[in-house]
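> For reference, the chains in residue letters:
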Amino acid sequence: MSEAIFTADSTPMLALGYRFQWEPAQNCNVLLYPEGMVKLNGAAGEILKRISENKQTVAELISELKVAFDGADLDDDVYQFLEEAYNNDWIRAE
Amino acid sequence: MTGSEQNKQAPGSIGSSIGNVRDQIRQPLWLLAELTYACPLQCPYCSNPMDFAKIKSELSTEEWLDVFRQARAMGATQLGLSGGEPLTRPDLVELISEARKMGFYTNLITSGIGMNADKVAEFKEAGLDHIQVSFQASTEDLNNLIAGTDAFKHKIEMAKAVKANGYPMVLCFVTHRQNIEQMEDILDLAVSLEADYVELATTQYYGWAMHNRDQLLPLKEQLVKAEAIAHRYQEEQKGNMKVYYVVPDYYEDRPKACMNGWGNVFLTVTPDGTALPCHAARELPGMSLPNVRDLSVNEIWNGSDDFNKFRGFDWMTEPCRSCDEKEKDFGGCRCQAFMLTGDPANTDPVCSKSPQRHLIDEALDRGRAESEKSVIDQKPLVFRNPKNSKLISGL
Ligand SMILES: C[S@@+](CC[C@H](N)C(=O)[O-])C[C@H]1O[C@@H](n2cnc3c(N)ncnc32)[C@H](O)[C@@H]1O
Ligand code: SF4
Ligand code: SF4
Numbered sequence: 001m002s003e004a005i006f007t008a009d010s011t012p013m014l015a016l017g018y019r020f021q022w023e024p025a026q027n028c029n030v031l032l033y034p035e036g037m038v039k040l041n042g043a044a045g046e047i048l049k050r051i052s053e054n055k056q057t058v059a060e061l062i063s064e065l066k067v068a069f070d071g072a073d074l075d076d077d078v079y080q081f082l083e084e085a086y087n088n089d090w091i092r093a094e
Numbered sequence: 001m002t003g004s005e006q007n008k009q010a011p012g013s014i015g016s017s018i019g020n021v022r023d024q025i026r027q028p029l030w031l032l033a034e035l036t037y038a039c040p041l042q043c044p045y046c047s048n049p050m051d052f053a054k055i056k057s058e059l060s061t062e063e064w065l066d067v068f069r070q071a072r073a074m075g076a077t078q079l080g081l082s083g084g085e086p087l088t089r090p091d092l093v094e095l096i097s098e099a100r101k102m103g104f105y106t107n108l109i110t111s112g113i114g115m116n117a118d119k120v121a122e123f124k125e126a127g128l129d130h131i132q133v134s135f136q137a138s139t140e141d142l143n144n145l146i147a148g149t150d151a152f153k154h155k156i157e158m159a160k161a162v163k164a165n166g167y168p169m170v171l172c173f174v175t176h177r178q179n180i181e182q183m184e185d186i187l188d189l190a191v192s193l194e195a196d197y198v199e200l201a202t203t204q205y206y207g208w209a210m211h212n213r214d215q216l217l218p219l220k221e222q223l224v225k226a227e228a229i230a231h232r233y234q235e236e237q238k239g240n241m242k243v244y245y246v247v248p249d250y251y252e253d254r255p256k257a258c259m260n261g262w263g264n265v266f267l268t269v270t271p272d273g274t275a276l277p278c279h280a281a282r283e284l285p286g287m288s289l290p291n292v293r294d295l296s297v298n299e300i301w302n303g304s305d306d307f308n309k310f311r312g313f314d315w316m317t318e319p320c321r322s323c324d325e326k327e328k329d330f331g332g333c334r335c336q337a338f339m340l341t342g343d344p345a346n347t348d349p350v351c352s353k354s355p356q357r358h359l360i361d362e363a364l365d366r367g368r369a370e371s372e373k374s375v376i377d378q379k380p381l382v383f384r385n386p387k388n389s390k391l392i393s394g395l
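Listed in order, the protein sequences are those of chains A and B. The C-terminal position of the first sequence is numbered 94 in this note's numbering, with every residue numbered one higher than the one before it. The C-terminal position of the second sequence is numbered 395 in this note's numbering, with every residue numbered one higher than the one before it.
Please note that a few of the clues may not be correct.
One side only, chain A facing chain B, incomplete, derived with CB under 8 Å [to be verified]:
{"id": "1", "residue": "R19"}
{"id": "2", "residue": "Q21"}
{"id": "3", "residue": "Q26"}
{"id": "4", "residue": "V30"}
{"id": "5", "residue": "M37"}
{"id": "6", "residue": "A44"}
{"id": "7", "residue": "A59"}
{"id": "8", "residue": "E60"}
Simulated from the structure, these hints should not be mistaken for lab results. Just so we're clear, the structure is a prediction, and the values are computed from it rather than from any experiment. We put the CB at the ideal spot given by N, CA and C, even for glycine.
Assemble the whole structure, with the sequences as input and the hints as a guide.
As structure tokens, then:
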């Protein structure tokens, strides 16, 4: 196993050239990038929306999500998603 | 990234990655706006139609914005600004900034000629999302020879200016027999420029490229070498620079899934407003060539004969009709089927199941035979310029 890319105090940012937006015609959030588009499911949309709007650490992101989702225990899910998103080149860590 | 309209598909780069939405209702997700056929370069591999000199009246700024608005309302997210050379349009900044306000992801596909550092900054300001700069080769001499003009040094400057303005540097090299042996140099150049993405687009044989095919088709042994080099750089540059490499379809035994299916996600609008399911479809027989000046984008996309012609699978002939791979490749490219077999409903002859595969192999043989002639005996490349266009189309 390689070392985790995201820790509580790293700051996830959208990768260069990536844009997050709500698409009325798809009725979902999407990530746009050079010549492509990914449609996001609800959870991915919530996370990437926050990453695209505010520069914040993973810890801050998680606590914000907890407020939005009634204190749900979502730490592991968030880390897992961030790794996946990183491996897809959607986000980078600062 | 397919500016080149293909590969990841792209018509060249145009293509690829919206593929994961294939199962949806058909929406023109990708709008390719060929703003103009004017171009300061003369690439003999250009996929533009040979009779481009016939096109007289380009859409106005207002007409383009109207097309953008309509396509956006129908779900388009990606806008490719291409041509010809889009930088020759004086209203380019306005088109970009309005498109961006509509919510498009805006891609500028350019040779870099006509650009300067201030312009790149202006595009950034206008909200342009992505710039792809195409090169003809990795050395000044060969680049300028293929481009038909002194372009190389300026392209290098522009590639740097793109990056300096906070864009990823995306370079596109269209490869063919005349430059493919430079593969290592090409990739070294990209590394030294600190490119983020390099698209090694293979020449697709439409328009001028088709006319020059005997001189452009790469040889098998060239390809094998180039491919090994591309793969080596893919490994070595992991995390630094992404290298896209696509095998030319003539050397494959299955065709490309052209345009992700006819009338499925791609809409091309040519400089005079003709709407096409792919940028090469103007040359197919029996097309009605609907124009955005006469019909709404919705009428064209959903109602026109052209866009319905090869949708779904009912139009197919054998062997595609009863083939279990048809949902993967849609039978290949209609334009290639027409150009080579005379019937656009035939199986793309690239497919090894096509009874006409020999047409591809014969073309490869002709390319080899041409390459073995002494330089004086070889057919000269025909450069893409208005003079040649007029000559060839009898104007
Ligand atoms: C027709 S050009 C127009 C934009 C601009 N003049 C340029 O060359 O970058 C659009 C893209 O297609 C690529 N291209 C041109 N002819 C091609 C061909 N026959 N096969 C594949 N890609 C091609 C170009 O390199 C460019 O990236
Ligand atoms: S001639 Fe070259 S630069 Fe001009 S449109 Fe064609 S490919 Fe682009
Ligand atoms: S026969 Fe047609 S559908 Fe089957 S693999 Fe070949 S091109 Fe594709």
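> State for each hint whether it applies.
Checked hints:
Checking R19/A against chain B: minimum C-beta separation of about 6 Å stays under 8 Å; hint holds. Contact between Q21/A and chain B, as hinted, is supported at the beta carbon level, the nearest pair being about 6 Å apart and thus within 8 Å. For Q26/A, the suggested interface contact is upheld, since its CB lies about 7 Å from the closest CB of chain B, less than 8 Å. Interface restraint check: V30/A against chain B, minimum CB-CB distance 7 Å, threshold 8 Å, status holds.
Hint on M37/A holds. Least Cβ distance to chain B is approximately 5 Å, under the 8 Å limit. Proximity of A44/A to chain B is violated relative to the hint, the smallest CB-CB distance being about 14 Å (cut-off 8 Å). Hint status for A59/A: violated, given a least beta-carbon distance of 26 Å to chain B, over 8 Å. With a cut of 8 Å, the hint placing E60/A at the interface with chain B is violated, because the nearest CB-to-CB distance is about 25 Å.
Going through the hint list in order, the structure does not satisfy hints 6, 7 and 8.
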